[in-house]
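Peer 1: Given next are the chains, with one letter for each unit.
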Amino acid sequence: MDAIADPNFKHQGNKPGSVEESPSLLTVIVDITPQLWTEFDLKNGKKDSILDVLKALIVFLNAHLAFNTSNQVALIAAHSQGIKYLYPKNKADDDEISSKNEKEDRDLFIISKNMYRRFRNVDETLVEELYMLFKEEEQSIGKVTQKSTLAGGISAALAYTDRITREMETISLKSRIMVLTCGSDKGNRDEVFQYIPIMNCIFSATKIKCPIDVVKIGGSKESTFLQQTTDATNGIYLHVTSTDGLLQYLSTAMFIDPSLRQIIVKPNKGSVDFRTSCYLTGKVVAVGYICSVCLCVLSIIPPGNVCPACDSEFDERVIAKLKKKPVVPRLTKRKSANHVSKK
Amino acid sequence: MSADHLRHSVNQYLEELPQPVQIRLYESPATCLAIYRLLPQLAKFFMMSMVFNENFILLRDLDRWVKSNGKLQFQEAIKSLKSLHLITPKKNENGALMIGLNSTFRESFKNALTGGQVNNSFGVVIESDSIAMDILNEYSSSKWETILHFMVGTPMASIPSANVLNLLKNSRLMEETESTAEFKITNEGFQFLLQEANAQIWTLLLQYLKMAESFQMDPVDILNFIFMLGALEVGKAYSTKELSDTQQNMLKDMRDYGLVFQKNADAQVFYPTNLAIMLTSDNKNIHRTASNALDSVVQKNKEGAATESAGTMGDDLDDVALQGQPIQDGALIVETNFKLYSYSNSPLQIAILSLFVHLKSRFANMVTGQITRESIRTALTNGITAEQIIAYLETHAHPQMRRLAEENLEKKLELDPNTKDTLQILPPTVVDQIRLWQLELDRVICYDGSLYSDFENSTEFNLLSKYAQDIGVLLWKDDKKRKFFVSKEGNSQVLDYAKRKLNKK
Amino acid sequence: MAPSQEGNDSDEEIVNVTSRKQRRQVHFDNAQPATKKRKEDDQSQDQDGRPSKNRKKLKKKKSQNNSNLQGASGGYAWEDEIKRSWDLVTVDDETDMTSLVASLIEARKKRAAKRNITPYQRGIIRTMILTLDCSESMSEKDLRPNRHAMMIQYAIDFVHEFFDQNPISQIGIVIMRNGLAHLVSQVSGNPQDHIDVLKKIRKQEPKGNPSLQNALEMARGLLLPTPSHCTREVLIIFGSLSSTDPSDIHQTIASLVDERIRCKVIGLSAQVAICKELCKQTNYGDESFYKVLLDETHFKELLDEAVVPLPVNKVNKGFTLVKMGFPTRVYEDTPTFCACHSRLVYGGYFCPNCHSKVCSLPTVCPCCDLMLILSTHLARSYHHLMPLKTFNEVDIGEGTFPTSNCFSCQRRFPVLKNNKTGKLLTSSRYRCGDCSQDFCIDCDVFIHEVLHNCPGCESKPTI
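Chains as they are written, first to last, in full-length UniProt numbering: chain P, 1 to 343; chain H, 1 to 505; chain C, 1 to 463.
It is worth saying that the hints were derived from the structure and are not from the lab. One should not assume that every hint holds.
[As the list claims (entries may be wrong)] In silico DMTMM-like cross-links for lysine to aspartate or glutamate, where the CA-CA straight-line distance does not exceed 20 Å:
#, chain 1, residue 1, chain 2, residue 2
1, C, Lys276, C, Asp286
2, P, Lys207, C, Glu449
3, P, Lys266, H, Asp63
4, C, Lys323, P, Asp311
5, H, Lys82, H, Glu27
6, P, Lys266, C, Asp333
7, P, Lys325, P, Asp311
8, P, Lys209, C, Glu449
9, P, Lys209, C, Asp442
10, P, Lys323, P, Glu313
I would like the entire structure built from these sequences, with the hints used as guidance.
Peer 2: As structure tokens, this is what we get:
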């Protein structure tokens with residue numbers, strides 16, 4: 001299908017003049033891997049930028065809840081050791097936690113007591129869970145982290161979205177997913193392992209018509225996979241260099257409700273990098289060869305006529321054909337060359 | 001449809017308030033939140049982008065956000081923002097139009113979102129006190145249903161309080177017959193019954209506001225209280241101490257409508273009911289009518305363990321607004337043969353249906369009936385319009401019907417992507433027929449006007465009738481009998497003309 | 001028909017009194033494969049003999065119908081006392097019906113989620129000729145509204161699904177009508193073209209007889225130029241019970257085998273010997289490629305099966321490198337013509353080889369014949385190559401589990417108990433073998449059918 005090239009959201013049978021007021025679900029996946037954020041802090045000479053981000057995020061979630069009475073939110077944290085739902089809270093854990101630490105009131109000081117109840121319910125749970133999470137993180141400092149857990153977060157968010165839309169079938173709930181991540185300067189080595197999972201997420205998101213928006217803070221400007229994600233799902237990609245004024249970005253560019261997507265110009269610009277790299281040389285490929293069995297991309301014909309990824313042996317004749325250089329007829333033999341071509 | 005109507009009527013009331021009153025309203029964060037939610041989608045988006053931005057922005061820039069197919073919504077959004085004085089226009093040095101958010105509103109709304117200084121506008125919870133949900137639900141349902149039942153005229157014991165009766169009378173939903181001093185439902189009353197619950201409550205509350213003005217009560221206080229009620233959490237106790245005197249007085253009236261519950265008349269706490277929550281949730285998805293909501297709650301309590309799967313589904317969602325079963329009670333199915341099935345037990349629901357349906361039989365959880373010419377005609381003569389009936393049927397349609405309609409539409413779109421067809425939840429035959437029945441009643445249309453006759457000759461007749469036709473006031477003419485009829489508005493013109501022309505001769 | 005069969009079938013007969021299709025299939029399957037095969041052979045060779053054969057067939061059908069109408073007591077079925085399906089269900093008041101039903105539903109979903117997960121080497125780059133029967137027999141109304149309409153509808157869904165899962169493959173569409181094979185849609189990788197054509201066919205009345213041989217010959221011709229790395233497949237939806245062929249169809253089958261063209265047939269009415277033969281021959285003796293549908297949902301399932309790429313057979317080896325271009329996308333302020341449709345469009349993709357502009361991908365560059373794709377298209381096929389492991393249902397055990405909520409969607413696992421014994425009917429937990437996280441049934445289905453990612457494994461920090 002053309003879903004990638006041509007987001008299939010375009011024809012949603014919307015009549016001009018009526019934007020349907022349907023509630024929506026916003027699932028936010030926030031990458032709170034400490035390593036990334038400390039790196040970011042060091043570079044910008046600031047402290048605790050993650051807290052700024054989380055504060056902005058809480059207000060942003062409130063804003064989403066304010067948008068429509070039946071709007072819903074969910075927040076998933078992708079941390080160094082896995083993923084965790086910050087909201088809605090896992091009901092069963094509830095009892096254990098409350099008995100364990102008797103609601104640490106001092107951590108909830110930033111949540112006003114007299115806030116609108118729905119905001120407060122969400123915010124309190126959030127802050128509480130975050131506090132727990134940071135404690136856990138403290139203990140897991142020495143543990144190995146080989147890859148980011150973001151893809152897991154997006155996968156879970158999709159499953160959650162799928163469930164909520166199924167449950168709310170009667171009220172045509174729309175949904176979107178927002179990914180908030182911190183960029184790292186140190187290459188995108190870990191992204192390699194995420195390629196397939198992220199791609200799978202893209203396809204499922206297009207299938208359940210759920211746009212994925214991405215906010216990337218700091219780091220290099222391009223985040224190929226995430227950019228492709230937004231492009232394919234009709235989402236919005238936003239790169240900000242610092243956490244200053246993050247809330248303003250969130251409340252404008254990231255605040256486009258699914259029901260408004262048809263009439264609002266997306267703040268996306270520039271082109272998306274769709275190129276791939278060669279399996280062997282790692283170079284970007286424009287014209288390349290693909291193994292017909294495992295679909296790995298190669299920029300050269302591999303030595304030994306064996307696919308480096310799946311070990312299947314290639315057909316000699318076809319390889320020979322591919323290796324054949326174009327024949328350039330010599331100028332002196334122009335006549336005979338013409339003759340041949342006529343035949 | 002009726003949700004829009006409600007939004008419209010509330011907005012209209014707010015828009016008509018004088019600007020100083022509006023500004024005072026914006027001092028309460030809870031009110032700001034509620035007003036924000038009443039705005040059109042696009043306006044909400046613009047507002048949000050301006051809340052955290054202190055500077056004025058170019059109107060042109062906002063315009064650029066919107067694609068060409070959304071210009072209509074853009075105009076609508078800007079218009080509603082302007083009329084509520086939420087945005088203040090300003091010209092910059094180049095003469096371009098800039099707009100900024102009303103500063104009072106910005107502050108309060110910001111506070112609402114961030115939980116800054118909200119000044120108890122979201123109520124003061126008393127954590128130690130709480131109340132069982134079913135008491136609340138029972139209370140609000142009995143109060144509200146009493147009002148509705150009274151209107152439908154179900155014979156029963158309880159009569160709503162004098163306050164309520166007064167309100168009903170003033171809003172002309174019911175009128176007192178002079179001879180017997182009995183209350184009789186009016187045409188508006190019938191229309192009122194077909195509305196959704198929150199629209200009904202708002203209709204009453206708007207009327208309440210109008211009445212309150214005559215008692216010198218401050219509309220800001222009242223509105224703040226109403227919007228606050230909508231933002232509270234069911235099942236929690238709220239202190240009355242923080243309320244102003246006006247609001248304290250209101251509490252009593254609200255109790256009569258079933259919006260709040262108090263254990264006794266001068267208790268220090270009050271409990272909002274889910275009717276109150278409905279005030280600011282204008283969505284079709286909550287509960288279609290009060291009786292549905294209440295029914296489903298009662299049902300839920302009864303069934304308890306049996307519907308455990310549905311229960312677990314519900315209790316995972318902690319939000320206040322969505323505590324209900326996914327499928328509404330009272331859902332109805334209309335067949336192409338004009339038969340109607342409604343899954344409801346509520347006498348109120350049945351009474352309302354019987355306004356325009358010839359009900360045939362009643363089962364354990366369902367009533368069946370037939371939509372007939374007579375039944376529709378009775379409804380029409382009662383002042384209910386065909387559109388209202390159709391809207392009622394549509395909003396109460398069983399999810400199954402809705403799904404079927406959606407599937408059909410999808411199929412049609414596949415066959416012909418340019419099809420103009422819209423979602424048809426009800427069988428088109430039924431919808432058309434109901435409309436036709438209405439047209440039947442409108443076969444005779446009365447016009448005020450004058451008949452011209454007894455012309456001396458045909459030239460005179462032709463001269464005048466042609467003139468009348470040219471200026472577009474001719475309603476009917478008969479060449480043979482030399483008579484024609486012009487409308488009231490055009491009469492003087494034709495008369496003048498006749499005098500000028502005929503006297504000359 | 002043998003009387004013994006009647007005895008066997010009598011129970012089923014009562015239950016399935018309404019399902020005409022199913023019944024018919026039952027008796028045809030049991031009927032006489034041998035005689036039918038002979039009949040088919042006769043028919044394909046000798047067209048002149050058709051009228052008499054036809055009559056004979058009709059007679060046979062009638063007599064079968066008669067025996068089928070016989071009810072349990074030996075009289076006609078409608079003379080029996082009506083037994084409603086719900087009367088047959090006995091309610092055990094001790095078991096809670098709701099939880100029982102819930103567990104049954106779960107079991108059913110689980111069955112649906114069971115997929116073939118053996119990682120085969122599959123032929124990802126496919127060329128398929130979709131052959132549709134548009135003969136008179138398609139106007140039968142045993143599928144609603146009729147066979148033709150339903151087939152077209154499903155074919156459209158199939159094309160969507162096919163390109164969704166196999167973005168770098170190609171399809172061509174051939175219809176069998178009036179004894180001829182018509183090529184209605186050229187072999188191409190653009191789903192929209194095919195769908196437009198199918199929508200056009202929907203309006204045509206089915207007519208005449210089908211000719212399998214003509215259709216197969218045409219498919220052969222169409223598949224001839226496909227390169228060796230592509231699979232060559234023919235999918236036939238066949239509604240009639242006979243084929244009108246100009247010459248010996250077995251020769252055609254033999255040449256199909258030679259050219260490694262694999263055929264799959266979905267029969268709409270009853271098993272036809274020649275189709276079975278065709279599938280067996282072209283699939284290296286595997287008979288499972290010929291299926292006759294039981295009902296509408298089964299039809300859909302059969303088509304869905306055809307979406308998954310076939311495993312590469314040892315015999316059918318064609319590993320090779322394919323040259324492909326990965327174009328870059330451009331945005332333009334002024335529209336320019338695209339090379340593929342000659343339409344004015346804003347932006348598009350530039351072929352890295354010859355720099356001509358195309359408006360959609362994947363496609364073959366109209367200028368230099370290079371296959372143009374996006375890397376994302378390749379990724380779309382990955383899950384065929386690396387299928388996700390199936391989750392295993394957690395044993396009921398003592399009834400205590402490590403988690404009470406689904407890992408991915410946070411839904412609380414339902415507790416489905418037998419009211420009498422208090423024993424759990426099912427644990428409702430499905431565990432991924434790698435990350436040992438538990439998922440609910442809905443997530444399990446979603447993860448395996450849509451997502452193809454295990455959220456648990458993806459959120460592990462280590463590889």
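Peer 1: Are the hints correct? Go through all of them and say.
Peer 2: Okay, the hints, checked on the actual structure:
1. C:Lys276 <-> C:Asp286: holds (10 Å)
2. P:Lys207 <-> C:Glu449: Distance of about 11 Å is within 20 Å: holds.
3. P:Lys266 <-> H:Asp63: Measuring from Cα to Cα gives roughly 13 Å; hence the hint holds.
4. C:Lys323 <-> P:Asp311: holds (18 Å)
5. H:Lys82 <-> H:Glu27: Judged against 20 Å, a Cα distance of about 18 Å means the pair holds.
6. P:Lys266 <-> C:Asp333: The given pair, whose Cα atoms are some 16 Å apart, holds under the 20 Å limit.
7. P:Lys325 <-> P:Asp311: violated (26 Å)
8. P:Lys209 <-> C:Glu449: holds (16 Å)
9. P:Lys209 <-> C:Asp442: Holds: P:Lys209 and C:Asp442 sit about 18 Å apart, inside 20 Å.
10. P:Lys323 <-> P:Glu313: holds (16 Å)
Violated hint for the displayed structure: number 7, the only one.
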